[in-house]
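In case you want the letters, here they are:
Protein chains: 2
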Amino acid sequence: MKHVLCGKCVKCGKEYAAVPDLTNCECGGILEITYDYTYIKTQLTKEKLAARTERTMWRYRELLPVEETTEPTPLRVGWSPLYEEPRLAKELGLKKLWVKDDGLNPTASLKDRASAMAVAKAREAGAKVIACSSTGNAASSLAGNAAAAGLKTYIFVPSRAPKGKVAQLMTFGANVISVQGSYEETFELSKAAIDKWGWYNRNAAINPYLSEGKKTVSLEIMEQLNWEVPDYIAISVGDGCTIAGLWKGLKDLYAIGFIDKLPRLISAQAEGCCPLNRAIESGEDWYPMEENTLADSIAVGVPRNADKALMAIRESDGLVVNVSDAEIMAAQKLLGKMCGVFGEPAGVTGTAGVKKLCEQGIIGRNDTVVSVVTGNGLKDVANAIAACGEPISIPNDMELLLRAFAEKGIVVE
Amino acid sequence: MKHVLCGKCVKCGKEYAAVPDLTNCECGGILEITYDYTYIKTQLTKEKLAARTERTMWRYRELLPVEETTEPTPLRVGWSPLYEEPRLAKELGLKKLWVKDDGLNPTASLKDRASAMAVAKAREAGAKVIACSSTGNAASSLAGNAAAAGLKTYIFVPSRAPKGKVAQLMTFGANVISVQGSYEETFELSKAAIDKWGWYNRNAAINPYLSEGKKTVSLEIMEQLNWEVPDYIAISVGDGCTIAGLWKGLKDLYAIGFIDKLPRLISAQAEGCCPLNRAIESGEDWYPMEENTLADSIAVGVPRNADKALMAIRESDGLVVNVSDAEIMAAQKLLGKMCGVFGEPAGVTGTAGVKKLCEQGIIGRNDTVVSVVTGNGLKDVANAIAACGEPISIPNDMELLLRAFAEKGIVVE
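Going down the list, the sequences are from chains G and X.
Positions 123 to 535 (the numbering used here) are the ones given, in order, by the first sequence.
Positions 123 to 535 (the numbering used here) are the ones given, in order, by the second sequence.
Just chain G, same shape as in the assembly (with noise of 0.2 Å):
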């Protein structure tokens, strides 16, 4: 890898050659791929990326951490739409808002760029077996991603993971484990299967690739948006690897000149489960917190990625927001009515953040905002449907259709 220079630790600067199967610092630190930008600006340029076909993320193949052999996975990973959002924008008091639907991508999340990363390191290690552990999303986008790719999976899961991620992976085929504790005891059972067997680890805090993965959603929110650099990009925040996999994308991007600025972060957490911002806001170290929350992908009481995440949202000025349950419904049910996008409660979690930041007039009538949706709705029925309420079920009757409607003060236009 020519564009590559090495895995250096956050913590203690020491540097390793970018094997494929690199993991964390001898210190306990987590890697970071650095890159040689100025070749990098010798091999890409704006115009040639705009005449690429491809559509995925490995377009963006020579930011992305992989010899140049290496094939894109079989899934389609990416790509995945901006939508501008005039309306939602006016409802809430922004300048403008685009909301980026990440919960189309194949397995539905956003998790879905680490996990065809992993794949196609893992196939560049020569490794035939994958593992992880995962609140979910990780979990069924590394099963799928594996499936097409013909490698093996052992997944590791916590008991609280939503029906719709566990039927996903068992559909992918995928040998399943489901813990029967929080995400930590999950992680740790994991980790030493791990350790017994050698499988190819794509644990997020522990595989410093796969942040380079995540990070193809700011590289395509920039191209998306002809790189004019918004104000604002919200997301939300669990283990820490997504946040930091954004902002790495962004500061490629500056690096070799692509955007003239940086936006600053806004991380949205759930009350309930909220220890990177309560760094934040206190200024001090984080400590672990309960997993209150009904948004399961970003209920971590123990963050994996916090040296990452808190440096990502430090360096870009950025904002914390924590949201309430409530809150993340509500949110679920102001981008389906008014942008047509379903996303599962972690995924609103970002829109949910921005939502309040307006109400407190922190960000308001000159702000540009990107709020990412991280996944799919559908992962997580139960909830939407304690959202949004039951239908109403009547036989084939008009008469009690008239009654049902005037019962729920529906005005017929």
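Simulated from the structure, these hints should not be mistaken for laboratory data.
Predicted model only: the values in this text are computed from it and were never measured.
Copies of one chain are not kept apart here, so a pair can be met inside one copy or by any two copies together.
Straight-line C-alpha distance at most 20 Å; calculated SDA-like pairs for lysine to any residue:
1. Lys285 to Ile507
2. Lys168 to Val351
3. Lys530 to Gly295
4. Lys459 to Gly295
5. Lys130 to Ala377
6. Lys133 to Ala401
7. Lys274 to Lys459
8. Lys163 to Ala173
9. Lys313 to Ile532
10. Lys133 to Cys147
11. Lys318 to Glu535
12. Lys383 to Tyr159
13. Lys212 to Pro352
14. Lys250 to Glu193
15. Lys136 to Val126
16. Lys274 to Val534
17. Lys133 to Met433
18. Lys217 to Asp353
19. Lys170 to Gln346
20. Lys250 to Val533
21. Lys383 to Val351
22. Lys459 to Val534
Fit chain X to the known structure of chain G by using the hints.
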């Protein structure tokens, strides 16, 4: 619309001006939109198409029945991936096999194509409200596409519609009426309400524009195959509208000279509800059947678009195949495990049909086949779990993990 001639009854041949709120012929027959292909040939070439950056169904505008001034609808409908599947082709004994994953549309089914068209035509008609009855997917796609466009919806679903689809409807803010009865009764109540209130009608066998949206699936397949025509295209069949639309797209491409022959269709229905295939097999008229299948989207005992569907299958010299629920579930697992594609039961029925025809030796090693997956498995999680089983469930304990692997016969690599 310079390129549209009229709506022509498939039964009596009567022609109607192509106004936006066109419905059935006065004889009860269904209309087909007819085009001025000579004019279209002067407007659209393969080269012109290849140069387009728009990756939605609206890239085929010259072949769609909308005004030049009609804007594309907001959600990103169409241009779903067409995956070549050499491993599955080998497993089934086919020369080549492609899977078109239409479950990656914005509301997760092929029906988004028809609903986006309905929204475009409703806007042309100046309507503010759209209504339909549906087994589920037409409903959720209409709700989503209409919400994004700022239109209101009234939607009638049979009470058996899976929770995933109902959750989508409620999230998209539709007025939902769950009818305690069959699809037939659901259709009747919707018709009565539409007649009463004059809503824009998105019922697929009434509104002739909807097949024109659906046909974009075959326009895409052919462009994605670089205009090389496969021997067969397989799809699941319920109401009949989808296979009719698929066929219309192929005929359009043939008429303007983009393809030099036509593929044969494979019409796959559920054994427990196959009135159209039965009519083909017997050579007689179709007559109603019970709706006995878990593939809810194609459980249509009284198909509303029988005429067009039967015509399509016959014109294409098509094959018909009926599959059991067990075969549908097996196809769901097979697509998941080998392709990383998660289809809903009705969505994978086409693939189940292909598998069965291979096993029967009716198609085989000399044949190239495209199988369309029409909807996402996340819409019906309960059936997926029934098909694929439950995961291993243990606490964080390596000993228990080893024991569980041994019990399940999992040999770790």
